[in-house]
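Enquirer: Guided by the hints, dock chain B onto chain A, whose structure is given.
Chains A and B are the protein sequences, given in the same order.
Number 199 in my numbering belongs to position 199 of the first sequence; there are no gaps in the numbering.
Number 571 in my numbering belongs to position 283 of the second sequence; there are no gaps in the numbering.
Hint data in this document are derived by calculation from the structure and do not stem from the laboratory.
A quick note: this is a predicted structure, and the numbers were derived from the prediction, not measured.
Accuracy of the hints is not assured; some may be wrong.
Claimed, not checked - Taking beta-carbon pairs under 8 angstroms as the criterion, some of the chain A residues facing chain B (in silico):
#1 R54
#2 G167
#3 V168
#4 E202
Stated by the list, open to error - Distance windows between CB atoms, simulated:
#5 B:D410 / A:S287: 47 to 57 angstroms
#6 B:P318 / A:T8: 53 to 63 angstroms
#7 B:A527 / A:G215: 39 to 49 angstroms
#8 A:L107 / B:A527: 20 to 30 angstroms
#9 A:V185 / B:G550: 17 to 27 angstroms
#10 A:V112 / B:S430: 27 to 37 angstroms
C-beta: ideal position from N, C-alpha, C; glycine also.
Letter by letter, the chains look like this.
There are 2 protein chains.
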Amino acid sequence: MATGKMSTGAAVRLAARKRDLVGVTSGLAPSFLQANLIVLPSRYAIDFRLLCARNPVPCPLLAESSQIGSYHSLKSYIDGLTGDEIASDLDIRHDAPRYMIYRDGQLATSHVTDIATEWTEDHVAFLIGCSYSFETALTNNSLPPRHTIMERNVPMYRTNIQLCPAGVFTGSTFVVSMRPYKRAVVERVRDITRPFVTTHGEPIAWGWDAMEKLGIEDINKPDWGDAPLEVNGQSLDSANEDVVPVFWGCGVTPQEAVMRAGLKGTVLGHAPGHMILLDIKDGDVFSV
Amino acid sequence: MATGKMSTGAAVRLAARKRDLVGVTSGLAPSFLQANLIVLPSRYAIDFRLLCARNPVPCPLLAESSQIGSYHSLKSYIDGLTGDEIASDLDIRHDAPRYMIYRDGQLATSHVTDIATEWTEDHVAFLIGCSYSFETALTNNSLPPRHTIMERNVPMYRTNIQLCPAGVFTGSTFVVSMRPYKRAVVERVRDITRPFVTTHGEPIAWGWDAMEKLGIEDINKPDWGDAPLEVNGQSLDSANEDVVPVFWGCGVTPQEAVMRAGLKGTVLGHAPGHMILLDIKDGDVFSV
Numbered sequence: 001m002a003t004g005k006m007s008t009g010a011a012v013r014l015a016a017r018k019r020d021l022v023g024v025t026s027g028l029a030p031s032f033l034q035a036n037l038i039v040l041p042s043r044y045a046i047d048f049r050l051l052c053a054r055n056p057v058p059c060p061l062l063a064e065s066s067q068i069g070s071y072h073s074l075k076s077y078i079d080g081l082t083g084d085e086i087a088s089d090l091d092i093r094h095d096a097p098r099y100m101i102y103r104d105g106q107l108a109t110s111h112v113t114d115i116a117t118e119w120t121e122d123h124v125a126f127l128i129g130c131s132y133s134f135e136t137a138l139t140n141n142s143l144p145p146r147h148t149i150m151e152r153n154v155p156m157y158r159t160n161i162q163l164c165p166a167g168v169f170t171g172s173t174f175v176v177s178m179r180p181y182k183r184a185v186v187e188r189v190r191d192i193t194r195p196f197v198t199t200h201g202e203p204i205a206w207g208w209d210a211m212e213k214l215g216i217e218d219i220n221k222p223d224w225g226d227a228p229l230e231v232n233g234q235s236l237d238s239a240n241e242d243v244v245p246v247f248w249g250c251g252v253t254p255q256e257a258v259m260r261a262g263l264k265g266t267v268l269g270h271a272p273g274h275m276i277l278l279d280i281k282d283g284d285v286f287s288v
Numbered sequence: 289m290a291t292g293k294m295s296t297g298a299a300v301r302l303a304a305r306k307r308d309l310v311g312v313t314s315g316l317a318p319s320f321l322q323a324n325l326i327v328l329p330s331r332y333a334i335d336f337r338l339l340c341a342r343n344p345v346p347c348p349l350l351a352e353s354s355q356i357g358s359y360h361s362l363k364s365y366i367d368g369l370t371g372d373e374i375a376s377d378l379d380i381r382h383d384a385p386r387y388m389i390y391r392d393g394q395l396a397t398s399h400v401t402d403i404a405t406e407w408t409e410d411h412v413a414f415l416i417g418c419s420y421s422f423e424t425a426l427t428n429n430s431l432p433p434r435h436t437i438m439e440r441n442v443p444m445y446r447t448n449i450q451l452c453p454a455g456v457f458t459g460s461t462f463v464v465s466m467r468p469y470k471r472a473v474v475e476r477v478r479d480i481t482r483p484f485v486t487t488h489g490e491p492i493a494w495g496w497d498a499m500e501k502l503g504i505e506d507i508n509k510p511d512w513g514d515a516p517l518e519v520n521g522q523s524l525d526s527a528n529e530d531v532v533p534v535f536w537g538c539g540v541t542p543q544e545a546v547m548r549a550g551l552k553g554t555v556l557g558h559a560p561g562h563m564i565l566l567d568i569k570d571g572d573v574f575s576v
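If we strip away everything but chain A, and leave its shape as in the complex, we get:
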């Protein structure tokens, strides 16, 4: 999908805003942080902040609207960075390539190009860290994720691993992203991704025996993103003990939480894989 590269996160946001972008943002502006989006009616904001604080691995909170109703400016949760430094010249209603719309806890519309007509003065946007942020580091260590080689979206799955509940957010479970790796390099993959603490960090599970623990039935049928393909074009096969699935917390988790909690009103999110790019780079946030 993303064959070309763009020079900055701001350039990606502007292209999305002008509807010049097609496809997912994985690897689109290398080393610039990408963010998951969830937009909630303001009455749910306190509970959502607590959900993030209690579940920082799937829900690492980077920033939120500077005030209720603001889609132009951010309040930062990253030490040493202001909201303007995270993203200036921002329009959250247009800057993701594609969006999801939820009504009363149900997905109503998928992959729309903007949410300008849905946004109200009562909405609060939250930006959540994205695992795309450590893919550059994996690639730089000669361990490029398969889906980036194959130019596909990363596969994402519902699991039965409970989130710690927070107020109205009960009954939620982790969403995970998956990248297959040779069993022999899993410890290196853990080491490389461990420092990325606000973009999901090290994996939460790995190996074929993790499938049952997570409650994932078929690795080749993800709930979001593209089915995983080996570099030879083959599907993943659990009979192949040499290549194993590696699972990370995923920032689609808040969208799943909104559905599990049956939140009333209109909730907005990015389409999985179609992220909002930020102005900050890995090196601004992580010691890697």
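Expert: Coordinates of chain B only, in the frame set by chain A:
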């Protein structure tokens, strides 16, 4: 057990140090914070801090040794409080009433009165928040935990809920404490305990149907603490839909993690229920 009360956390520490204390510390110095203890060889400190950061509900890190080998002074992780304010005149080797000793990931000795001969210059102590800290609030809201009425230790259970792994800490699961409540008051109990974010906060699960989800087979056979008793002296009965178990994250989780990870060397911890009292009070930390 703890029928009398003591005036301060410091008084409890001194009594433990002089071996004048028998029994668990629940409710012993009302409103003073109590802490779980884990003492690790220094080579595991970085991974343990990350384990806490990734799992703040069972493992809320309050403070650690001010430097490797220090049992007298603390480095604080609580905003606005210094280590000395958390506990001065401290001796971590003596100030819990009872301790556990682990060797090479196995429990070696249980309920010893001090760890002076086990402590080395390579050990680092970590203090973790304790759910006893919200019991005063529950009591003040006319919802005293059953075990405090019955003067017993709170029951604690192993679960199959995964911790997010961190470095050497893999394969760990939540330990939970349990307090039974009438079904009708569970939402009030959630509300009352929610603000206590660094002492486990609101429950992670409740109701009889939570038993299977957590992997707890028999509510009347806890892994630590005393079996739960109703105020009439009866055991809990899942046939009684009116009274349900309510489960919180528990600071014994790090001791379980040490065993699951099979850590080499000597690891020390408090005996469950026999906490280290601090100099700070609920109101110093929580807005309640």
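Enquirer: For each hint, tell me whether it holds in the structure or not.
Expert: Here's how the hints hold up against the structure:
Interface hint status for A:R54: upheld, as the beta-carbon distance to the closest one in chain B is roughly 5 angstroms, under 8 angstroms. Annotation: A:G167 was flagged as interfacial toward chain B, and the flag holds, the nearest CB pair being 7 angstroms apart, inside 8 angstroms. For A:V168, the suggested interface contact is broken, since its CB lies about 11 angstroms from the closest CB of chain B, more than 8 angstroms. Interface hint at A:E202: satisfied, since its Cβ lies 7 angstroms from the closest Cβ of chain B, which is below the 8 angstroms cut-off.
Roughly 25 angstroms separates the CB atoms of B:D410 and A:S287, a value that falls outside the hinted 47 to 57 angstroms. Checked against the given bound of 53 to 63 angstroms, the beta carbons of B:P318 and A:T8, roughly 56 angstroms apart, stay inside it. For B:A527 paired with A:G215, a C-beta distance near 29 angstroms fails the hint of 39 to 49 angstroms. For A:L107 and B:A527, the hinted distance range of 20 to 30 angstroms is not satisfied, since their beta carbons lie about 39 angstroms from each other.
At about 23 angstroms, the beta-carbon gap between A:V185 and B:G550 stays in the expected band of 17 to 27 angstroms. Between A:V112 and B:S430 the beta carbon distance is about 50 angstroms. The supplied range of 27 to 37 angstroms is therefore violated.
Violation of the numbered hints given earlier is confined to hints 3, 5, 7, 8 and 10; the remaining hints are satisfied by the structure.
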